[in-house]
Amino acid sequence: MATKLPSVDALVVGFGWTGAIVAQELTDAGLNVLALERGTWRDTPTQFAPSFDQDELRYFWRQELFERPAHQTVSFRNNADEVALPMRKLGSFLPGTNVGGAGVHWNGQIWRFLESDFVARSHNIARYGKSAVPDDMTIQDWGVTYRELEPHYDRFEYLCGASGKAGNLNGRIQPGGNPFEAPRSREYPNPPLKLSYPPVLFGQAAETLGYKPFPHPAANLSRPYTNPLGVQLGACTYCGFCEKFGCGNYSKASPQTTILPVLMRKPNFTLKTQAEVLKINLDSTGKRAVSVTYVDASGQEFEQPADLIVLCAYILHNVRLLLVSGIGEPYDPNTGQGLVGKNYAYQITSSVNAFFDDKVLNPFIGAGAMGMICDEWNGDNFDHSGLGFIGGGYVGVVQTGARPIETHPTPDGVPMWGSKWKRSIAENYLKTMSVATHGSVMSHRGNHLDLDPTYRDVYGRPLLRMTFDYTANEHRMSDYITDKATQIARAMGPREVKVNKRVGAYDITPYQTTHNTGGAIMGADPRSSVVNRHLQSWDVPNLFVMGSSAFPQNPGYNPTNTVAALAYWSLDAIKTQYLKSPGALLQA
Amino acid sequence: MTGRPMKAIAALGLGAIAITAAAGTAVFSQTGGGDPSLVARGQYLAEASDCGGCHSRKGDQPFSGGQALTTTLGTLYAANITPDDQTGIGSWSADQFYRALHLGRDAHGRHLYPAMPYNYYTGMTRADSDAIYAYLRTVPAVSYTPPPNKLPPPLQIRAIMGVWNALYFHPGEYRPDPARSADWNRGAYLVETLGHCGGCHTPMNLLGAPKTHQYLQGGMIEDWFATDLTADRRKGLGGWSRQDLVDYLRTGRNAHAAAAGPMGEVVAASTSHLTDADLNAIGAYLSERPASASTPAPAIDPATMRQGEAIYVDNCSACHQMQGQGAPGFFPPLQDHAGLQQSNPSTTIRVILTGVQSTPTAAKPTGVAMPAYAWKLTDRQVAAVATYVRNAWSNSAPSVTSGEVSKLRRKLVSENQPPRAPTTRPMTRPAPDTLASPGSDSRDNGTPDAGRPASES
Chain C
9 MATKLPSVDA
19 LVVGFGWTGA
29 IVAQELTDAG
39 LNVLALERGT
49 WRDTPTQFAP
59 SFDQDELRYF
69 WRQELFERPA
79 HQTVSFRNNA
89 DEVALPMRKL
99 GSFLPGTNVG
109 GAGVHWNGQI
119 WRFLESDFVA
129 RSHNIARYGK
139 SAVPDDMTIQ
149 DWGVTYRELE
159 PHYDRFEYLC
169 GASGKAGNLN
179 GRIQPGGNPF
189 EAPRSREYPN
199 PPLKLSYPPV
209 LFGQAAETLG
219 YKPFPHPAAN
229 LSRPYTNPLG
239 VQLGACTYCG
249 FCEKFGCGNY
259 SKASPQTTIL
269 PVLMRKPNFT
279 LKTQAEVLKI
289 NLDSTGKRAV
299 SVTYVDASGQ
309 EFEQPADLIV
319 LCAYILHNVR
329 LLLVSGIGEP
339 YDPNTGQGLV
349 GKNYAYQITS
359 SVNAFFDDKV
369 LNPFIGAGAM
379 GMICDEWNGD
389 NFDHSGLGFI
399 GGGYVGVVQT
409 GARPIETHPT
419 PDGVPMWGSK
429 WKRSIAENYL
439 KTMSVATHGS
449 VMSHRGNHLD
459 LDPTYRDVYG
469 RPLLRMTFDY
479 TANEHRMSDY
489 ITDKATQIAR
499 AMGPREVKVN
509 KRVGAYDITP
519 YQTTHNTGGA
529 IMGADPRSSV
539 VNRHLQSWDV
549 PNLFVMGSSA
559 FPQNPGYNPT
569 NTVAALAYWS
579 LDAIKTQYLK
589 SPGALLQA
Chain V
612 MTGRPMKAIA
622 ALGLGAIAIT
632 AAAGTAVFSQ
642 TGGGDPSLVA
652 RGQYLAEASD
662 CGGCHSRKGD
672 QPFSGGQALT
682 TTLGTLYAAN
692 ITPDDQTGIG
702 SWSADQFYRA
712 LHLGRDAHGR
722 HLYPAMPYNY
732 YTGMTRADSD
742 AIYAYLRTVP
752 AVSYTPPPNK
762 LPPPLQIRAI
772 MGVWNALYFH
782 PGEYRPDPAR
792 SADWNRGAYL
802 VETLGHCGGC
812 HTPMNLLGAP
822 KTHQYLQGGM
832 IEDWFATDLT
842 ADRRKGLGGW
852 SRQDLVDYLR
862 TGRNAHAAAA
872 GPMGEVVAAS
882 TSHLTDADLN
892 AIGAYLSERP
902 ASASTPAPAI
912 DPATMRQGEA
922 IYVDNCSACH
932 QMQGQGAPGF
942 FPPLQDHAGL
952 QQSNPSTTIR
962 VILTGVQSTP
972 TAAKPTGVAM
982 PAYAWKLTDR
992 QVAAVATYVR
1002 NAWSNSAPSV
1012 TSGEVSKLRR
1022 KLVSENQPPR
1032 APTTRPMTRP
1042 APDTLASPGS
1052 DSRDNGTPDA
1062 GRPASES
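From first to last, the protein sequence lines are chains C and V.
If you read the first sequence in the working numbering, its first letter stands for residue 9, the second for the next number, and so on.
If you read the second sequence in the working numbering, its first letter stands for residue 612, the second for the next number, and so on.
There's no promise every hint is true.
Okay, derived cross-link-like pairs now, DSBU-like style, lysine-lysine, Cα gap no bigger than 30 Å in a straight line [to be verified]:
#1 C/Lys274 / C/Lys287
#2 V/Lys1022 / C/Lys274
#3 V/Lys761 / V/Lys822
#4 V/Lys669 / V/Lys1022
#5 V/Lys669 / C/Lys280
#6 C/Lys430 / C/Lys506
For each label pair, taking beta carbons as the anchor points, the in silico distance ranges come out as [stated by the list, open to error]:
#7 V/Gly1014 / C/Lys280: 45 to 51 Å
#8 V/Gly1014 / C/Ser15: 55 to 61 Å
#9 C/Ser306 / V/Gln767: 17 to 23 Å
#10 V/Ser1005 / C/Glu435: 42 to 48 Å
Derived from the structure by calculation, the hints contain no laboratory data.
Glycine included, every Cβ here is placed at the ideal spot set by N, Cα and C.
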């Protein structure tokens, strides 16, 4: 029997990036805020100290920082013809857990989306005609515009101390930045990271071809910085252990290094760790969330009432919580009815390895978002007429490091084992680099999330079932931009290249990105969205759902900056409108 | 109040100070009338005197006592000074309270131990004592009896303090020096009396009495070495500007150093609440403290420096940088760092062994921390890198021996477990390490296992 606890003003479920942002803002607004995190406390000098942090076996191979599939996982199938099976080892994506979530182990690639990304449906139809968006490509407009989000992007970038060069300042294109980016109101808070040789080589080659490369915007800091909250960050040391690792130098933006020192001192904030939320409880009308049920480390159940509940548990758990709590109608791909779980999307990536004889590239020097990028083929930055796809992605060299267990590319024709393999790695390691592509995924009526009919978690709740595959749109797009990557790679003058196009069905086993999106999409119309444009549930007005679950489809950039900007945007509405007059912010 | 203390107050400039609010500071104006302003003034003085530093257990009811203070002579537990009649000082009069601070006697006339620094508080004016008394009467009364002191015989007999007092205690209110400015005198009063800085920062003799001829030249407190506070350019505060000192006491941080450990607690509980004027007055006073006699630069073994440098490059340079320049205000610069160049290396050693977190304050909420190295470095390696940082660049200080390291390691490391044990098998401790031989590369870190795979022992 669950023990009922005293009510709180606001309850935050999950304590990663959005959990910390939401708690910080709502405590500033004077609310008593409680955050529940299923994992444990983590902080820089104790869990990510530089005296032991660069340990690839522990963190990459044995996956110490990530969610444990034995405790919680998804079942997966490419399409409805298959039976979904549980993912027993993390591969394609690496969800976070514990305080800070994946904000601890991300690379720090901090991008804004394009203006056209937010109106992907209407924009593409207007430019290319209705046939550009087939019926089963279920993309939608977001209900919010880039302009509305601009100040919130700015806010997160200054919170993180983002290092970069503006390419478009209030409509004026700036040299050295991304000429394709949407207009920003001011320069980045810190200059771009220093570049090691591979990104510089890429940039030189791209320029000879007439393209406009620019430094990748980074939430790894190029110099010591104090953010607007008074929290301090250090300068990146280019150690090459960024993605999948915590940062021991306080030089990667994370909740720990940007928000928690201030938030944890507030008397009106409480964090409970090892408290896993099992479901959200509704009242008898089904239109009001009254509490959550959670389990502590000893297995005891508690009921935690709250006036306002904000889901910050990552897209996969946000959507699952909605489904197991009976909030909204689950999406059925056969009938097209229901919305919760609809429009699940991901990212499509590829790479081109370049092998040199005459250049020592020192690839082990790295920082999460240290790179040079060409954005010519992202979004609708180029004319798609006659190409047979919409969307795009960025092309570039992101030299995040070359850790030995993970990194050992060999040219075509080299065996995958034995002494020849070893010799090839020894000969090529210092002189190899990789040009990568990072592309969009349009939503499709078949790609969705729902509850698995067979498999359950340790608490007896059905696992989230993921049904996803790329469509012809993604493959055509990815092949197109991979050709561009190959062109630039050849222009660098290597001995040989090895092109790794993304072929076949989506494979969940190799690591790609942790950019899962959709399932609780936002929109202007309750008939086609789960949350309104302020991320408020249409069904349950005192419930807000943060995270990339709101994305109706996934553009060609990393999602974190947009996830944070949406959180600030939503919190703006909560603080200025909802708290003064709780209830639906928009009429259905 | 008699006329004389009033004149003393006026001379100290206390009567003329209008206090403005700073983050967390009690606001008051010295109108001289009404209880509320007396209580507010008393709260400010209690913060300046850091009563809570000993008399408030962490996270528990303020001033209810029970906090342990470990000294070389034993462990004492602070008294309950809430107004509880049975277990606190609720039955004490203002006279009796003053007598405790001024003469070191409790309400029954028994001697207090100088762990309660009455030998410093004796300088406090009666008016200030009354204000603190008035404030303490307003804090919630807590019924709590602290544990009995753990003192070896015959020290548990309080009357023995009579002997100590006869030898070392000179009661008397602070007498302002008419040749000095009001600002200087205020600083002297804050440092010598209220702040009782000498209680930690002055070396003590075997009987726990301050060596007054070495006033503020550094002292041991609970296995930390509290630094020299004189104007010494190398070991003291001579390299700090006035603003550096004010920043440090207000926020726990400046371009040179970060407050941590016991001093971090002092900053958080006491000095961060002081006014700008008072902090500047402290600076005015300290800037004129004469430095100790300079000692000749000690000879350092070059092989130790080479070994220490190699360890430093691998383990320390990511934050503190190759030339020890650090990141001022964040990772303390090690070159010219006074704390590293104290005659007693205890703080240097313990920071390497157990790590250290700079105390967060409202102005500097990030408690930047240095991780622990006890699990990673042997005593010899810690001694080498400690000797290196104390003597690299333009630093100069006595070298550190592995015996000094192992002594502190025995005391500290069992209480401070290493970060969560790696899931892999622990690396074998390097074989008996050798110092680099004169011709060897400085990158050789002195461990013969370098470059070879870890093996089972």
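A quick look at each hint next to the structure:
no., hint, verdict
1, C/Lys274 / C/Lys287, "holds, 27 Å"
2, V/Lys1022 / C/Lys274, "violated, 35 Å"
3, V/Lys761 / V/Lys822, "holds, 25 Å"
4, V/Lys669 / V/Lys1022, "holds, 22 Å"
5, V/Lys669 / C/Lys280, "holds, 20 Å"
6, C/Lys430 / C/Lys506, "holds, 18 Å"
7, V/Gly1014 / C/Lys280: 45 to 51 Å, "holds, 46 Å"
8, V/Gly1014 / C/Ser15: 55 to 61 Å, "holds, 59 Å"
9, C/Ser306 / V/Gln767: 17 to 23 Å, "violated, 44 Å"
10, V/Ser1005 / C/Glu435: 42 to 48 Å, "holds, 46 Å"
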